[in-house]
Amino acid sequence: MNGRESVLSAIQGALSGVPDSERPDDVPPSTGPRADHAGPDVVGLFAERAAEYRATVVRVPQADAAAAVGRALARTGARSLVVPPGFPEDLLPEGPWSRLADVPPLTVAQLFFFL
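Residue numbering for the sequence shown follows our numbering, beginning at 1 and increasing consecutively.
Watch out, some of these pointers could steer you wrong.
[As the list claims (entries may be wrong)] Cβ pair distances, simulated, as ranges:
1) 63 with 110: 26 to 36 angstroms
2) 103 with 1: 27 to 37 angstroms
3) 105 with 78: 18 to 28 angstroms
4) 21 with 61: 18 to 28 angstroms
5) 111 with 5: 37 to 47 angstroms
6) 72 with 101: 14 to 24 angstroms
7) 2 with 43: 15 to 25 angstroms
8) 15 with 107: 12 to 22 angstroms
9) 114 with 86: 12 to 22 angstroms
10) 101 with 44: 37 to 47 angstroms
11) 101 with 55: 23 to 33 angstroms
12) 63 with 21: 24 to 34 angstroms
13) 67 with 19: 44 to 54 angstroms
Hints listed in this document are in silico derivations from the structure and should not be mistaken for laboratory results. Fair warning: this is a prediction, and the values are worked out from it, not measured in the lab. No residue lacks a Cβ here, since even glycine has one placed at the ideal position from N, Cα and C.
Please work from the sequences and hints to get the whole structure.
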């Protein structure tokens, strides 16, 4: 099973007991990483799985991370970004992007309006 199949299987398993009447806004998002993914190569695992979705993964030293994020935002033409709680401020790039904190957790409608 590749990473994509693993993720889709986990999603199907998680959704199997959800009633049809439940809406995404009814359930608060989970917080924190899962304990079974804590390990020495969690970055490698993420890079492998993201690559299967044809995502661009760029590894840079931490000191260059904010600049790399800024380049990625500029390359995609992003105008705004939503910042999750606890996201390190030093990883946010300087630039013209409007920012919105995801506190309290934003609804799907709020995200679509902002982005």
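Hint check results:
no.: 1; hint: 63 with 110: 26 to 36 angstroms; verdict: holds (33 angstroms)
no.: 2; hint: 103 with 1: 27 to 37 angstroms; verdict: holds (36 angstroms)
no.: 3; hint: 105 with 78: 18 to 28 angstroms; verdict: holds (21 angstroms)
no.: 4; hint: 21 with 61: 18 to 28 angstroms; verdict: violated (48 angstroms)
no.: 5; hint: 111 with 5: 37 to 47 angstroms; verdict: violated (27 angstroms)
no.: 6; hint: 72 with 101: 14 to 24 angstroms; verdict: holds (20 angstroms)
no.: 7; hint: 2 with 43: 15 to 25 angstroms; verdict: holds (18 angstroms)
no.: 8; hint: 15 with 107: 12 to 22 angstroms; verdict: holds (19 angstroms)
no.: 9; hint: 114 with 86: 12 to 22 angstroms; verdict: holds (19 angstroms)
no.: 10; hint: 101 with 44: 37 to 47 angstroms; verdict: violated (30 angstroms)
no.: 11; hint: 101 with 55: 23 to 33 angstroms; verdict: holds (24 angstroms)
no.: 12; hint: 63 with 21: 24 to 34 angstroms; verdict: violated (49 angstroms)
no.: 13; hint: 67 with 19: 44 to 54 angstroms; verdict: holds (46 angstroms)
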